[in-house]
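Residue numbers (my numbering), protein chains in the order written: chain A, 1 to 516; chain B, 1001 to 1474; chain C, 2001 to 2314.
Keep in mind that the hints were calculated from the coordinates and are not lab data.
Treat the hints with caution; some may be incorrect.
Derived CB-CB ranges, DEER-like [claimed, not checked]:
no.	chain 1	residue 1	chain 2	residue 2	range
1	C	Thr2034	B	Asp1203	24 to 32 angstroms
2	C	Ala2070	B	Ser1008	39 to 47 angstroms
3	A	Ala324	B	Asp1036	48 to 56 angstroms
4	A	Met1	C	Ala2265	51 to 59 angstroms
5	B	Ala1474	A	Glu290	18 to 26 angstroms
6	B	Ser1005	C	Glu2210	54 to 62 angstroms
7	A	Glu332	B	Asp1036	51 to 59 angstroms
8	C	Glu2059	A	Thr478	50 to 58 angstroms
Please read these numbers as outputs of a predicted model, since none were measured by experiment.
Idealized CB from N, CA, C, for every residue including glycine.
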Amino acid sequence: MTRHIDIRKNTYLDSVSLMSMSTKANAVEGVTQALLGMATPMNKEVLANVGVDDPAIDAARPSDLMIVIDAADDLVEDAISAVNDILARKNTSADGAAEARYRTLDGAFTEVPDSNLVLISVNGAFAAREARKALVAGKHVMIFSDNVSVEDEIELKNLAHDRGLLLMGPDCGTAIINGTGLAFSNAVRRGSIGIVGASGTGSQEISVRVHDFGGGVSQLIGTGGRDLSAEVGGRMMVDGIEALAADPGTEVIVVVSKPPAEEVADKVLGVLGATGKPVVVCFLGSPRTESGYPNVQLVPGTKPAALAAVLATGVDESTLDLHALNIPLIEEVRAKLAPEQKYVRGLFCGGTLCDEAMFAALATYDNVYSNIQKDPAYVLGATDASKEHTFLDMGDDDFTDGRPHPMIDPSLRLQRLVQEADDPEVGVIAMDFILGFGSHEDPVGVTVPAIEEAKARAAARGQHLEILGYVLGTDLDTPAIAGQVAQLEAAGVTIASSSTNLGLLAREFVAKGDHR
Amino acid sequence: MSITSLFSTGLKPVNLGLDMFAEDLTAQGVEPVRMDWTPPGGGDPETIAALGRLERPEVAERIEAANEEAVGRVLAAQPFLEGFGRAIDTVPGMTRTTILHAGPPIGWERMSGPMKGAVTGALVFEGLARDLDEAGELAGSGEITFSPCHEHQSVGSMAGVTSASMWVHKVTNRTHGNTAYTNLSEQLSKILRFGANDQSVIDRLSWMRDVLGPILAAAMELNEGGLDLRLLLSQALHMGDEAHNRNVAGTTLLIQALAPYILETDFTTKEKREVFDFVASSDYFSGPTWMVTAKAAMDAAAGIENSTVVTAMCRNGVDFGVRVSGTGDQWFTGPAQQVVGPMFAGYTEADSGLDMGDSAITETFGIGGFAMAAAPAIVALVGGTVQDAMGYSRTMNAITTTNNPNVTIPALDFMGVPTGIDVRKVIETGILPLINTAIAHKDPGIGMIGAGIVHPPLEAFQQAIVTLADTIGA
Amino acid sequence: MAATAGRHAARLVDAVSVDGRLADVLPTDGRSGTVHSVHARVVNLRAPDGLLCCLSSDELDDAPRTIRVAAADWARIDWHLDDPVRFGPALTHEYDGTTVVLTGAARWQPTPSDAATLAALGADDLRAAAATIERQILPPAHRTPFELLSADELGRRTTGLAAAVRAGDRAATTVAAAGLIGLGAGLTPSGDDVLTGLAVLAAADGMLLERIRPSLAEAVLDGVPLEERTTAVSAATLTEAVAGRGHQRIHVLVSALAATGADPALVDAVLGVRAIGHTSGADILTGFRLGLELEADLREAERLAAPTHSKETP
């Protein structure tokens, strides 16, 4: 606690102004108490009675205004400047607050003191600085921007942790706070399932599956993809889990991520075990099957995660449409493919969706190539031609370098789709289409001509090319999922009902033996 | 606000970056606070790093305290016109062969056309050369000392050329005791300070030396109390001046205050009449007076350790110079800019010289371009609308430390003029100070050909922030 | 010439009314005073001899030391802090020439009370009026932290003052009254307002409280100069109050006491006082109510004591 005392010489405020200023000053973030009064001897005595005395006050005269501000140490500067601004009656806002735009965060915070979260999507080189300002001002932060150094990330997360604030990101693509979607997110029902995700599209997928199973989302907290690395150590994940554990609106917690560093996984599971709430964990591609905690269930995919979470809220499984794999469909597709059509090509916008499909394939095949493969022998670059089974995360940095994300600008994927269709060994092209806030307004419509072109090229050489699509979205999204699915079906695309099923179907379509 | 309490509060997001995210929020019924953000420091990594060093809490704390001290001094300054004297008798460091000029230091070779014109004119006026050609040779000979006005507690309008026998204002800041000087307005547009130097210019300077200066000096000797310039300035702003390009009210107030004493001097009625006619010939008469008022206030804020408040902005027609309180006498420079604004009939932008003069001391203090909202009558002169003028003054709040309660703008609900330009805020917001100024012809001898708006070069502020980071943030 | 006359005329503002006593004491020798402070409908002036007086719009009522101009003319009073004002036959702003002309303004004096009616009121009547006031003093909707601190102190000291008055202890009354001066955050601290309400009531003709007036006057006028103890505006108000002069509305309230109980006239008068300033009105009422209760006590004591002085006593 720091006490700041200011004496304004010959300042005469009528009591209406005094009241209004006192009210505003006491509302400033970090101010525990602001006392304003004329410096009469009696008023000085009143202050002295509560332990406020200072030579400056002793020297003040009845014509002077005394201002005493008590504020948290770390916020005292901000508090003083905010109070001074109130006193200076700065005429900074343009006419009509709704149209006002602010040049600096400090300016925005002063004019809109009840703002409580900053969504940052400026160039990563500038994002850390702005995030720091927001945290210092006591605001929660979501950094959509990438290219923020890991040092900055750790520093920011420590700062946020110390102040009890969210620091989602950097490179955090999605969040839903109090029912409001931030950046890339889907319109889903509000409910009692809280999600903390280190992977953006994985979190989106789970929120959509939960919605599809009739459940709802309390909060969706993104941590940024690097949070569970050994360096960052799951700082945001742990704080996010603890926030959901304390949140009375959250009954069940879901965690989704690529496999964390071992020690981080142990730490996160420990925190989850201590929450006492039912927890579902999906570390996509992790060999772990046991969490070691009775309330923490490990699941292999996004769909099982959503299902387990919805069941944990007390829903009866028999009432749900589980969208089991369609075995006759698999047989039907296999029959259409020529013997040499042995491979799957996956062209993805969503990193987790790519991951999930790739892991499904890896469960059966060894020759799976990707730009996100762990095994260096199977890594492909953005400019490399596809090889055997190939799964490309086209939202990864190698592809997006300097270009908008494929969820916004699908042009690169359209070229690649037609290119893949020229390979006679390809049987299935798997694609995701992501709806929702932030995404392209008609991702299917913009892709249909390329789908038709791809199919036509295969047909020209006498092959059937199976295109398998999955639309990540809900009936509440704009556009709604139904219209997008209908467009795909009209273009001869087979529809998967979930990310998990997309991976499984793609793998099974080209499997030559028994389906598993 | 803890994370849990965020969950039970209405979300009020600020969107910094992609506008589409703001639109998505609006579509969800959550109105975000929108930003008009630009990367700090023009996106230059060294500048941003410097800014970052100055933002560390312990450093920022020192800076805030120092800046408060600096602007406190500016607000408390009480510049009084104490009298007039000849430069040789009053200005510190003045010699017979010294020529003071506007802006940061510059040698004869690099001087702009108008400044060279003014220098040679002044050498002829002082009798140091017989004609302009000889004056040009003398100027390049090394026998003449060139020095910035600012390094002699002075300021000079446009070329700012001040020589030994010119009369100057003596203005003392009675609060802090420092004194500042500036020479007298030559009024008409074909004048030395714009680089004009023909016989009519020299004749006018001689009359100013022999009649105007002595009468003003004698008048102020009769006025024992001095003139409270801050009070007059404040009144002038309430009467529609911004005290850089519009001085109608200020000139009226000033001559009104001087007139009784002028009448009481022992000069002839004819001479007094000449003085009144001369004052009446141009509204600019008080322009230098407000410059020196500002200088006397800003000098009080100079040299405060850790302060990032700008204490001087000036231009010599080639370089733009900035001084900052915490770095004392050091100059930070960048190229002088082209002034943008309406030109007098018959001239085009190709004719205009680059930004020149110490008059940006007015903006440094908070008037001039910073007080445009006080002077809607001149928006046409500098180009723009009344709405723009209101916006200019408000915008300057974003880069200043405080508002001056002693000098206010009625149309903005008596907002004090934005005061104490903070180098950090300029770098952070990318908003450059706005300066109202006159345009001189690029060639010597022609004079004023228009007026308009100009900004300092960002480079000067980038240099300043890096140096500040090295000294304060080390 | 017409244009000149018009421009000249435009600078003249006729005062609507002026405090008669102020008009008698205002300096007229042409020396300059200054603008002391500026509020929405009030400009306070410091006369060259140090007297603080007030120029207000006639949307506000008459009050001691106040000169009122028509609301329609108020916008022409564009006067600012520390501006010089010449005190001649009229008040002239030195910069823009705006001149407030006092000749022709109505001369206000507080309405004198009807001594006979007031003296005839019984203790119960006074207590009923006090109760009416009590009901109309709303607790403030919101108090600043400073007010919360000072309100405690104010409550204790007001109780102390009441005790001193009841005890008939003149010296203690002076000390207790002085203890209220300058207590409270605003331009007229609450303690001062309480004293004002009490002092104006005490000065009304026909009140036994007359006897505490010397103590109140000593508390206000003696000792440390008043402007060292409270704000200048409040010092002026208090000085007038101990002379029995207050805001016109307080005098209206004194007159309305004749209508006792919850009579609409009394309630209107109470609401009128309550509307003074932001919180001042409520504080004045607090003092006024205290005065009524003390007066009731005094009258009761007097009545009980009366037989010993009665002619009927042998």
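Each hint tested on the structure:
1. C/Thr2034 <-> B/Asp1203: 24 to 32 angstroms: 46 angstroms, violated
2. C/Ala2070 <-> B/Ser1008: 39 to 47 angstroms: Violated, since C/Ala2070 and B/Ser1008 (Cβ atoms, about 54 angstroms apart) do not stay within the stated range.
3. A/Ala324 <-> B/Asp1036: 48 to 56 angstroms: 53 angstroms, holds
4. A/Met1 <-> C/Ala2265: 51 to 59 angstroms: Cβ of A/Met1 to Cβ of C/Ala2265: about 53 angstroms, so the range 51 to 59 angstroms holds.
5. B/Ala1474 <-> A/Glu290: 18 to 26 angstroms: 54 angstroms, violated
6. B/Ser1005 <-> C/Glu2210: 54 to 62 angstroms: 60 angstroms, holds
7. A/Glu332 <-> B/Asp1036: 51 to 59 angstroms: 57 angstroms, holds
8. C/Glu2059 <-> A/Thr478: 50 to 58 angstroms: 55 angstroms, holds
When the structure is compared with the earlier hints, violations turn up for hints 1, 2 and 5 and for no others.
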